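Asks: Mind docking chain R on chain Z? Use the hints.
There are 2 protein chains.
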Amino acid sequence: MITPKTLSDRLARVPASPIRKLVPYANEAKKEGVYVYHLNIGDPDIKTPDVMLDVLHSWDKNPIAYSQSHGEPALLDAIDWYYQHCGYSFITPKNIQITTGGSEAISIALFSVANCWDEVIVFEPLYANYNSYAAINQVQFIPVETTIANGFHLPERNDIVKKITKRTKAMLICTPNNPTGTVYTKEEMDMLVAIAKKYGIFLLSDEVYREFVYDGMKHVSLLSYMQEIPEQAIVLDSLSKRYSLCGARVGMIVSLNSDLMHGVLRIAQGKLSSGLVDQLMASKLTKVEDSYIESVQKEYENRRDVLYEGLKTIPGLIIPKPEGAFYTIVKLPVDDAEDFAKYLLTTFRDNNETVMVAPATGFYANPGKGKNEIRIAYVLNIESLKRSIEILKKALVAYKAK
Amino acid sequence: MITPKTLSDRLARVPASPIRKLVPYANEAKKEGVYVYHLNIGDPDIKTPDVMLDVLHSWDKNPIAYSQSHGEPALLDAIDWYYQHCGYSFITPKNIQITTGGSEAISIALFSVANCWDEVIVFEPLYANYNSYAAINQVQFIPVETTIANGFHLPERNDIVKKITKRTKAMLICTPNNPTGTVYTKEEMDMLVAIAKKYGIFLLSDEVYREFVYDGMKHVSLLSYMQEIPEQAIVLDSLSKRYSLCGARVGMIVSLNSDLMHGVLRIAQGKLSSGLVDQLMASKLTKVEDSYIESVQKEYENRRDVLYEGLKTIPGLIIPKPEGAFYTIVKLPVDDAEDFAKYLLTTFRDNNETVMVAPATGFYANPGKGKNEIRIAYVLNIESLKRSIEILKKALVAYKAK
Numbered sequence: 033m034i035t036p037k038t039l040s041d042r043l044a045r046v047p048a049s050p051i052r053k054l055v056p057y058a059n060e061a062k063k064e065g066v067y068v069y070h071l072n073i074g075d076p077d078i079k080t081p082d083v084m085l086d087v088l089h090s091w092d093k094n095p096i097a098y099s100q101s102h103g104e105p106a107l108l109d110a111i112d113w114y115y116q117h118c119g120y121s122f123i124t125p126k127n128i129q130i131t132t133g134g135s136e137a138i139s140i141a142l143f144s145v146a147n148c149w150d151e152v153i154v155f156e157p158l159y160a161n162y163n164s165y166a167a168i169n170q171v172q173f174i175p176v177e178t179t180i181a182n183g184f185h186l187p188e189r190n191d192i193v194k195k196i197t198k199r200t201k202a203m204l205i206c207t208p209n210n211p212t213g214t215v216y217t218k219e220e221m222d223m224l225v226a227i228a229k230k231y232g233i234f235l236l237s238d239e240v241y242r243e244f245v246y247d248g249m250k251h252v253s254l255l256s257y258m259q260e261i262p263e264q265a266i267v268l269d270s271l272s273k274r275y276s277l278c279g280a281r282v283g284m285i286v287s288l289n290s291d292l293m294h295g296v297l298r299i300a301q302g303k304l305s306s307g308l309v310d311q312l313m314a315s316k317l318t319k320v321e322d323s324y325i326e327s328v329q330k331e332y333e334n335r336r337d338v339l340y341e342g343l344k345t346i347p348g349l350i351i352p353k354p355e356g357a358f359y360t361i362v363k364l365p366v367d368d369a370e371d372f373a374k375y376l377l378t379t380f381r382d383n384n385e386t387v388m389v390a391p392a393t394g395f396y397a398n399p400g401k402g403k404n405e406i407r408i409a410y411v412l413n414i415e416s417l418k419r420s421i422e423i424l425k426k427a428l429v430a431y432k433a434k
Numbered sequence: 033m034i035t036p037k038t039l040s041d042r043l044a045r046v047p048a049s050p051i052r053k054l055v056p057y058a059n060e061a062k063k064e065g066v067y068v069y070h071l072n073i074g075d076p077d078i079k080t081p082d083v084m085l086d087v088l089h090s091w092d093k094n095p096i097a098y099s100q101s102h103g104e105p106a107l108l109d110a111i112d113w114y115y116q117h118c119g120y121s122f123i124t125p126k127n128i129q130i131t132t133g134g135s136e137a138i139s140i141a142l143f144s145v146a147n148c149w150d151e152v153i154v155f156e157p158l159y160a161n162y163n164s165y166a167a168i169n170q171v172q173f174i175p176v177e178t179t180i181a182n183g184f185h186l187p188e189r190n191d192i193v194k195k196i197t198k199r200t201k202a203m204l205i206c207t208p209n210n211p212t213g214t215v216y217t218k219e220e221m222d223m224l225v226a227i228a229k230k231y232g233i234f235l236l237s238d239e240v241y242r243e244f245v246y247d248g249m250k251h252v253s254l255l256s257y258m259q260e261i262p263e264q265a266i267v268l269d270s271l272s273k274r275y276s277l278c279g280a281r282v283g284m285i286v287s288l289n290s291d292l293m294h295g296v297l298r299i300a301q302g303k304l305s306s307g308l309v310d311q312l313m314a315s316k317l318t319k320v321e322d323s324y325i326e327s328v329q330k331e332y333e334n335r336r337d338v339l340y341e342g343l344k345t346i347p348g349l350i351i352p353k354p355e356g357a358f359y360t361i362v363k364l365p366v367d368d369a370e371d372f373a374k375y376l377l378t379t380f381r382d383n384n385e386t387v388m389v390a391p392a393t394g395f396y397a398n399p400g401k402g403k404n405e406i407r408i409a410y411v412l413n414i415e416s417l418k419r420s421i422e423i424l425k426k427a428l429v430a431y432k433a434k
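If you read the sequences in order, they're chains Z and R.
Our numbering puts the first residue of the first sequence at 33, with every later residue one more than the last.
Our numbering puts the first residue of the second sequence at 33, with every later residue one more than the last.
Please note: incorrect hints may appear among the correct ones.
As the list claims (entries may be wrong) - Simulated crosslink set (SDA-like; lysine to any residue; CA at most 20 angstroms straight-line):
#1 Z/K53 with R/R298
#2 Z/K403 with Z/V429
#3 R/K93 with Z/V83
Claimed, not checked - Pulled a few chain R residues facing chain Z out of the computed Cβ check, cut under 10 angstroms:
#4 Y57
#5 P95
#6 F143
#7 S164
#8 I233
#9 L288
#10 L292
#11 I299
#12 K353
Simulated from the structure, these hints should not be mistaken for laboratory data.
Quantities reported herein were computed from a predicted structural model and do not represent experimental measurements.
Just so it is clear, CB atoms sit at the ideal spot from N, CA and C, and this is done for glycine as well.
Looking at chain Z on its own, in the form it has when it is part of the complex:
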């Protein structure tokens, strides 16, 4: 008798989503008739532009045929227009590869720069799904810690450089940052580019929240350094958040490195194409008024203000002022934030309502870190945000009184 072969070790290493792992508890609460405010997931409630939805209403293509592997031409032109509009006139469609969401863009970029168990430097806390992409692509993340005390900004240059080894192939950053809300300054971007240059490593920049920057700050994109390190700079982008198109899976890889672009096109050919309907819907971005983005940006800034001012009033809670995106990591006056998050869903009710948050441990590459932290996504309207803060405040009192 031969022992049946087991599933692969690498499948076992793919982590469960820390954002979604408490979903069964939330579902139980909902079954009991409890209203749950979702602060755990970044699925915006902002409307998708009508000009995009009109593509669906007036759809006349039949059959729904494959798009091109490189990307649907109308979308490539639109994305090219967008980067021109942002001032990056050196970008052409051949520097753009359409992917099925920003998540695929990040995963393909990791595959492309690193062989198995090569090292990629990341800054933690980091977007939890990065750990999935590392596991799937068998890349070794080398985390550099950023701290709540420093608003999750980058540490000294030497704290980064000392992590570089012979196996280091890249640094992966996210700015504006999910999960911390931090926006890297020009000085920080200068430092990262200088390190990439000096050590000859790739710099991967996830900029899907590019437009979501507050207090009149300006986002500093890796695109503005792309001509300085043309072979090493890779921008990972998505339309999901910018146009409230999360469920339309449209992302992209942008680089001046032509070997990279040829390689990712071969990967794209294997997958045939991204979705035709989603791409054509997204291609209408050229028709979206600037005022749409401005009003969305303003709405999130208002929510940020409400969240920040509200959470500051909770005794013992530590929150740095979020500078961009629509997330923040806060430190709670508890020992085990996951236990508190479960308590919110299973036990605590205020007027039959509660709140769902994401424990922060999953946002660290180092196991055990962030144990008393949670990530909050502020994608709810202002009234719901205010109510969520009230519930959190009461729940912390009740939890500690237990």
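Replies: Relative to the frame of chain Z, chain R by itself:
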């Protein structure tokens, strides 16, 4: 000065698509005003069911939000209904994971059963993109040859078994087959299942052409063996061909192995979700009349007849009668089919028209095989097919006269 790091070796190993590699020559011909009949790619011209397109026309969800990682509930229910309809009452939504196209389903299945450089037995000629999924997942394909003389049916059991080593984790089959059009018989499926059982290896069955079987033959699905080898059977499926939804990226992994299903759900969580619009469009499959599939099946059978009878009249050309799907591999009376395919695009014109075919070398895992073979996809209407055959015939005469 430090040498800049290069891209990964694994990126370099991802092959270019043999189906699309001659596209630049075709584009040149089109620029000159030449009409090109595409026998190279399986993008059907059959209409998508109206009931699916109506989902677009009556779209009222705003924003376009993430779907669930497991799959949009309406689609999971519809797919479950479909398998019940096919007679597999033991399948429930928890045995189904929605993927972004059948291509992703195959890629994730390879990742899940094999560690790096584990072996997977394949039968060549094989669907060219399988070579991409092997490269991306760093799986070692061990090809077992099937021959045109035998209609690309499976060889003797021992020819398969002798390829099994300690590193063998799975066999990957495609029935009805792309690129050969072969449909495995019950005896062949019995043999494969018996081998899987005896050696404790996984059996992965790509059945995206399940409905496309001709001459009154019946397709034998791995689903009918699933309860016999519940931990080892994995079916890879797609709605692309069945409902002419190629550009809507909707595929699925089906298995009774709960560890596998938990693992692939974790992968899906990392990628957040497949496209919402595509999934909701596809979920209307329960409303598609059986007559739709029957008429599509009949149409392809007619095309198969026209192609087979027509190609048989070409001197020196060898074609086994295709039993299913909408592809066939034919042997040409030339030494180098790729050179002939280029000649068709660059040089040969008949009344300012020509034909594009896919050289078969890319459909072999063993380099160098299939050098005088091409793959033909018969997704053109009958008039165009007849004209394509006429052009091929004339071109072969002219090519040999050179």
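Asks: Give a verdict on every hint.
Replies: Comparing the hints with the structure gives:
1. Z/K53 with R/R298: holds, 10 angstroms
2. Z/K403 with Z/V429: Holds: Z/K403 and Z/V429 sit about 19 angstroms apart, inside 20 angstroms.
3. R/K93 with Z/V83: Since the Cα atoms of R/K93 and Z/V83 sit roughly 14 angstroms apart, the hinted pair holds (cutoff 20 angstroms).
4. Y57: Violated. Min distance 16 angstroms.
5. P95: This hint holds: R/P95 lies near chain Z, its Cβ roughly 4 angstroms from the closest one there, short of 10 angstroms.
6. F143: With a closest approach of 7 angstroms, the R/F143 hint holds.
7. S164: holds, 3 angstroms
8. I233: Because about 5 angstroms separates R/I233 from the closest Cβ in chain Z, which is inside the 10 angstroms limit, the hint holds.
9. L288: Where the cut-off is 10 angstroms and the nearest Cβ of chain Z is about 13 angstroms from R/L288, the hint is violated.
10. L292: holds, 6 angstroms
11. I299: holds, 6 angstroms
12. K353: Since the shortest Cβ distance to chain Z is 27 angstroms, the answer is violated.
Going through the hint list in order, the structure does not satisfy hints 4, 9 and 12.
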